[in-house]
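*Asks:* Spelled out, the chains give:
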Amino acid sequence: VSGPEFAAVLHEMLESTDVAGPARRWAAGDPAPARAMWRALAGLGVTALAVPEKWGGLGASPLDLVAACEELGHHAVPGPAAGELTATLAAPPWVPLAACAEVAGLVLLAQDGVVGRGSVEATFRSVDETRPLASLAAPTSLAVGVAGAVARALDFGALACSAQLLGAGRALLEASVRHARVRVQSGRPAGAFQAVKHRLADVAIGLEFARPARTALQVHGAIGYTAEHDLSRFLLQVRALVPAWGAQAEHRARVLREL
Amino acid sequence: VAGAWIGARACQLHTRAAAAALAAGGTLGPEVSLGKVFWSELDVALHETALDLLGPWAEARDGPDGHWLEDYLFALAGPIYTGTNEIQRTLIAERLLGLSR
Chain S
1 VSGPEFAAVL HEMLESTDVA GPARRWAAGD PAPARAMWRA LAGLGVTALA VPEKWGGLGA
61 SPLDLVAACE ELGHHAVPGP AAGELTATLA APPWVPLAAC AEVAGLVLLA QDGVVGRGSV
121 EATFRSVDET RPLASLAAPT SLAVGVAGAV ARALDFGALA CSAQLLGAGR ALLEASVRHA
181 RVRVQSGRPA GAFQAVKHRL ADVAIGLEFA RPARTALQVH GAIGYTAEHD LSRFLLQVRA
241 LVPAWGAQAE HRARVLREL
Chain D
1001 VAGAWIGARA CQLHTRAAAA ALAAGGTLGP EVSLGKVFWS ELDVALHETA LDLLGPWAEA
1061 RDGPDGHWLE DYLFALAGPI YTGTNEIQRT LIAERLLGLS R
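Read top to bottom, the protein sequences are chains S and D. If you read the first sequence in my numbering, its first letter stands for residue 1, the second for the next number, and so on. If you read the second sequence in my numbering, its first letter stands for residue 1001, the second for the next number, and so on.
Each hint should be verified, as a subset may be incorrect.
Label-pair ranges, simulated between beta-carbon atoms [to be verified]:
#1 Phe1038/D / Arg25/S: 36 to 46 angstroms
#2 Glu15/S / Arg1101/D: 36 to 46 angstroms
#3 Phe1074/D / Glu174/S: 25 to 35 angstroms
#4 Ser1100/D / Ile223/S: 27 to 37 angstroms
#5 His11/S / Gly1029/D: 45 to 55 angstroms
#6 Glu15/S / Phe1038/D: 38 to 48 angstroms
#7 Ser16/S / Thr1015/D: 23 to 33 angstroms
#8 Leu1034/D / Arg39/S: 51 to 61 angstroms
#9 Ala1024/D / Glu228/S: 45 to 55 angstroms
Far from chain S by the CB rule (all over 12 angstroms, computed), these chain D residues [claimed, not checked]:
#10 Trp1005
#11 Pro1030
#12 Ser1033
#13 Pro1079
#14 Glu1086
#15 Thr1090
#16 Leu1096
Among the chain S residues that face chain D by a calculated CB cut under 8 angstroms, a handful are [what the hints assert, rightly or not]:
#17 Met13
#18 Gly221
#19 Ala240
Because the hints were derived from the structure by calculation, they are not lab data. All values reported here derive from a predicted model rather than from experimental measurement. Yeah, the Cβ is synthetic: ideal placement off N, Cα and C, and Gly gets one too.
Chain D with its partners taken away, still in its complex shape:
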């Protein structure tokens, strides 16, 4: 749970920095891929932690804390949409780190 909180805080700071750079007239570059990979994987891990805590109730869609399951199923799509994380990692390696194609 502490790991999820730290990750969420890091995500918040990263996004604020990008927003501040935009507000100062800057443009977004390949570094946005870092945030996409980090956030989407955090989103899945965070929901998996919640389901672990729910124990046997984790599988009940309409149980007392069923929203964690619904949101987990949605989080699963995160590493796939707006460019899969495999594509994003390739972009990070080639455009940010300058590795050859």
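Okay, chain S solo, but in the shape it has when bound:
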């Protein structure tokens, strides 16, 4: 199965799944429905994609992983990829906080080429309530001299996170276009006004070149600002994921070093 085909299957499954319900239950403190949703996704093979075949995974290419993660972002699926065992990771300085440590069976801290079991030191609330954060301390060592593997894991994390953001951007544009078609203002659909058209066109251009945009809220207006509207789930997840897996400044500095 190719990446795009797998993504299409994933999209169909998520389209007929209530994603918003489990996300809201989790934000209210109950992660059980989100876990059940993740078990279904794991059954489809999502969590096996990046695992080599010799360890029972699908051994998929990074391209397949990107296609799948974009679809997860497209539906704002909350939380970490979780099969039988959920693992989370902090790797200072790029990733100083581990997400979802409270629902993870394995909490890892990677620091100075050493990977170990981390213990939760302090917890913080993310702007995305389905991403509870934790700083980790005093790990028991599981592997040493693995700086290369940690760097590779961070690269994959950043890649998967970018794909999720791209999918979320696509969902925000789709929702905004739908809203602009039905919302009538001064006797015309909001989308008939040139100012609205141009902003949405800019988002379409931005998405094509994978640049984040903050237009969906403005096009929705006040209704998009309410916690009840489904838009907030996407907006807050985007806000949380943008600085996750290395802040933009770090990634820009890295690109510059390679130049």
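Given the structure of chain S, go ahead and fit chain D onto it with the hints provided.
*Replies:* Just chain D now, with coordinates in the frame of chain S:
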């Protein structure tokens, strides 16, 4: 950061000028739309700069500098309330610049 400081200073001067005009017995006209658009967009940009500086800590609501995130979420409403900036721009074009409706 320098851009945010310059913008905030411009905002301050613009508001003082409007207050001085009012105090001198004048009235407020469509030019107040200029301030609304400028200030609300500056407010968002300024908070985005702060979140950029915070790096990975930017998403933590109750982190050491969590107030930037809370204030950013509030700033997001600025371009929407008291007349969206789209409405304000139309007012500026029609009433201030005299373009046709």
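*Asks:* Look at each hint and say if it fits the structure.
*Replies:* Cross-check of the supplied hints:
{"no.": "1", "hint": "Phe1038/D / Arg25/S: 36 to 46 angstroms", "in the structure": "holds (42 angstroms)"}
{"no.": "2", "hint": "Glu15/S / Arg1101/D: 36 to 46 angstroms", "in the structure": "holds (43 angstroms)"}
{"no.": "3", "hint": "Phe1074/D / Glu174/S: 25 to 35 angstroms", "in the structure": "holds (27 angstroms)"}
{"no.": "4", "hint": "Ser1100/D / Ile223/S: 27 to 37 angstroms", "in the structure": "holds (31 angstroms)"}
{"no.": "5", "hint": "His11/S / Gly1029/D: 45 to 55 angstroms", "in the structure": "holds (52 angstroms)"}
{"no.": "6", "hint": "Glu15/S / Phe1038/D: 38 to 48 angstroms", "in the structure": "holds (42 angstroms)"}
{"no.": "7", "hint": "Ser16/S / Thr1015/D: 23 to 33 angstroms", "in the structure": "violated (53 angstroms)"}
{"no.": "8", "hint": "Leu1034/D / Arg39/S: 51 to 61 angstroms", "in the structure": "holds (55 angstroms)"}
{"no.": "9", "hint": "Ala1024/D / Glu228/S: 45 to 55 angstroms", "in the structure": "holds (46 angstroms)"}
{"no.": "10", "hint": "Trp1005", "in the structure": "holds (19 angstroms)"}
{"no.": "11", "hint": "Pro1030", "in the structure": "holds (17 angstroms)"}
{"no.": "12", "hint": "Ser1033", "in the structure": "holds (14 angstroms)"}
{"no.": "13", "hint": "Pro1079", "in the structure": "violated (6 angstroms)"}
{"no.": "14", "hint": "Glu1086", "in the structure": "violated (5 angstroms)"}
{"no.": "15", "hint": "Thr1090", "in the structure": "violated (8 angstroms)"}
{"no.": "16", "hint": "Leu1096", "in the structure": "holds (16 angstroms)"}
{"no.": "17", "hint": "Met13", "in the structure": "violated (28 angstroms)"}
{"no.": "18", "hint": "Gly221", "in the structure": "holds (5 angstroms)"}
{"no.": "19", "hint": "Ala240", "in the structure": "holds (4 angstroms)"}
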